[in-house]
Amino acid sequence: MLLKRYIPIGIVAFFGALTLSAWFIDNETIETFANDDATQFFDIIAAFAVFLGALNLLKLQFIKVLKQQSGWQYSAIAIASFFFAFIIGFFIRGAYFVGEEVYFSQGAAEEAVLALGSTEQVVPVDWGAHVQTDGSLFQWMFKYIFSPLSATMFALLAFFVASASFRAFRARNLEASLLLVAGIIIMLGRVPVGSLISSWVVMYIIAFSVGFGVNAYTRNRNIALGWVLGSFGLITGLGFTMGWPIDQPAIFYLPALQEWIYLVPNLAGSRAILIGIGLGIVATSLRYIFGLEKSYLGE
Amino acid sequence: MKFLEDIILKLGAVDRRFIFLLIGLAVLIPLLTPITLPVRETPTTVKFYEGIDNIPKNSKVLVSFDYGPSTRPEIHPMNVGVMRHMLRNGHKIYISCLWPDGIYMALDALEEITDSVNPDNQSTFDIKEYEDYILLGYRPGAEAVIKGLASDLRKVYTVDAKGRFIDDMK
Amino acid sequence: MNNKYQVYAMGIVGILLFTLVLSSLPDSLNFFREEKSAMFAFTLTVIMIMLYEVKLAKNSSENTFLRTIPGLKAVEEAVGRSTEMGRPILYVPGIMDMNEVETVAGVVVLGHVANMTAQYETELDVPVARAIVMQSARQVTKEAYMTQGRPEMYNEDMVHYITDDQFAYAASVNGIMQRDEPAACLYMGKFYAESLLFAETGNSIGAIQIAGTGSQTQIPFFVTACDYTLMGEEFFAASAYLSEEPELIAGITAQDIIKVLLIGFILLSIVSRAFFDLGLTNFNLITWLNL
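Protein chains in written order, with the working numbering: chain A, 1 to 299; chain B, 1 to 170; chain C, 1 to 291.
Extracted from the complex, chain A is given alone in its bound form:
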């Protein structure tokens, strides 16, 4: 009980309180511990813990391959990729300099020296720098295997955002309609084509849309038509008077409207959620520090 419960809770309480108080105490040792050392301790532990994870991953993938379970071929690729990256990172330098040129292996570098008749020495890159050197084998793996795969996964988001938006932006009720209209304004306002759409076009669209509302409210087409024609005439008159500037009145200019929506109502809403999240984090952290919440220890 002591080892499994009270000591871990004690450790959490002590270090939690220490880190919290470091913010208020003017002492270099405590400050250095809280700001630098504690984070570095965690990073070192996490780095060593990766071995646990990697062994678990290999174990499960090997079992799948050995038992020839469904999809075992993908597991074989996963194992091969793991060892490929592991060997390149830990056992192969992959960067040998001949002047400014970089070669993957010592043999290739020496062959190049002979072929060019150069007097340059073959200089192997230092261990550690071999993963960050331009032109190294590790960088080749990163550039031609990892980068395209990573970019592909992120690119999927473009398609998923479109399909999620298509599902979400349906004008089922007032809130959904507002979301749809705000979404259209933001999307158009953010792109170059939005700045080409004159504010007068937007005014005409708004006047026309309000016409639908007038028709629904009054149930009289003549009134609705009157509204539409009247507002169109007013807008046209204003336009001729002002000379049809593309970005005036600014309230109807999409980039300006987009900026306002982003900086005012959107920011207000997100700050409100952020305050709630902040309070939640404070309360949750205090629950862990004071030992009120022990479930993460497996109680």
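These are calculated hints, taken from the structure and not from any lab test. These numbers come from a predicted model, not from an experiment. C-beta atoms are modelled at their ideal positions from N, C-alpha and C, and glycine is treated no differently. Among these hints, one or two may not hold up.
Which chain A residues face chain B? A few, computed with CB under 10 angstroms, are given here [said to hold, decoys possible]:
1. L52
2. F154
3. A155
4. A158
5. V161
6. L196
7. P255
8. Q258
9. L263
10. N266
Quick list of in silico lysine to any residue cross-link-like pairs, SDA-like style, CA-CA up to 25 angstroms [stated by the list, open to error]:
11. A/K143 - B/K128
12. A/K59 - C/D164
13. B/K47 - A/R271
14. C/K4 - C/R33
According to the in silico footprint, chain A covers these stretches of chain C (three or more CB under 8 angstroms from chain A) [said to hold, decoys possible]:
15. 64 to 74
16. 243 to 250
With chain A's structure known, arrange chains B and C on it following the hints.
Positioned in the frame of chain A, the structure of chains B and C alone reads:
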């Protein structure tokens, strides 16, 4: 009106693969036949530009590459633009990376702006490592590294990306 | 009830006096950062309210009212649905490590979900992106199955490590969803861009999806694509809600009281700042408190 309603309802029930196809075309067509549109700067862009411009000339500036290949199309052109702006104003650039992938993004960015690597580009500079920029490299720890950089850069980065001691550099 | 607020009022006065004393210490004894006095007083106030509420909850027999959070009510429904369909439950505790409060909260909720899956004998799959989270999640899941008297149902490979890399992890979890077709997908923790990848893939396989996160930028994606979303503090209240322990619920009550205090302070600051900007006073509360 009913006809319009029917069309809208049918559109709402469309298979999402058609939406994927539309997105694919929306990306592919401008890629194959570029459409040039005027780009209007936003107030935030102007503020950012002026912020960089107002840095006293010939300062030492830290640029952090904290992104990977996944967000490269979004962030990389901005970072390259920022570095060009810095070099035009005569600043010295210290390149740090808080993401492991950032070092490779930094190497690519340097390739794009260096005369010797990219001689056909009009927007390149005759820059030399250890004179105009230093590639400090990746350090794990995120917030800890930032705090460390704020207090003492030489404590966080004892060697640069190529293994040279920082204390040996001026 | 009136006594409680009297205690708080006296407590706040006491805290302010204590802070004043600390700020006034002579230089030789001064270890306190005076510029952070306001935040110090606020932190002590939060701690005082929380501990007092917990003390009251321990000594009280009344149940505190908690409003219904549909997302949390739906967790049991999701587990039941998976049991009926004979399909597993996928639980994703975020992509960050145990140094994030959201990940710890996610692991805590996993414990409650594991209790339900042990009870209903439903398969549980927990792919994780960090090795430390794997160990912690395993411990929590094992304890849950032991508590329910189903140790034979627990298998440590239920919680398995995938990779640290964000999009490689997303690709793997998507693959698991496509192949295993879980009936319920629960996303509880810290997420970044991969949130929509999870949610859309889960939507495409017809799973019931419940998400909870404090990542403000990802909440809209989860709201759009998931059936239920726990936004911000609802997620942090999940543990109290699911456990129904009075001490934990007291923490939620404390949170609400602190929120009221904070709203009052914000309103006061707005008025102070407005008077300052209009030139009616020379006093700005925010500047005076160094906030």
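**OP:** Output the numbers, in ascending order, of every earlier hint that fails for this structure.
**Re:** 1, 10, 14, 15
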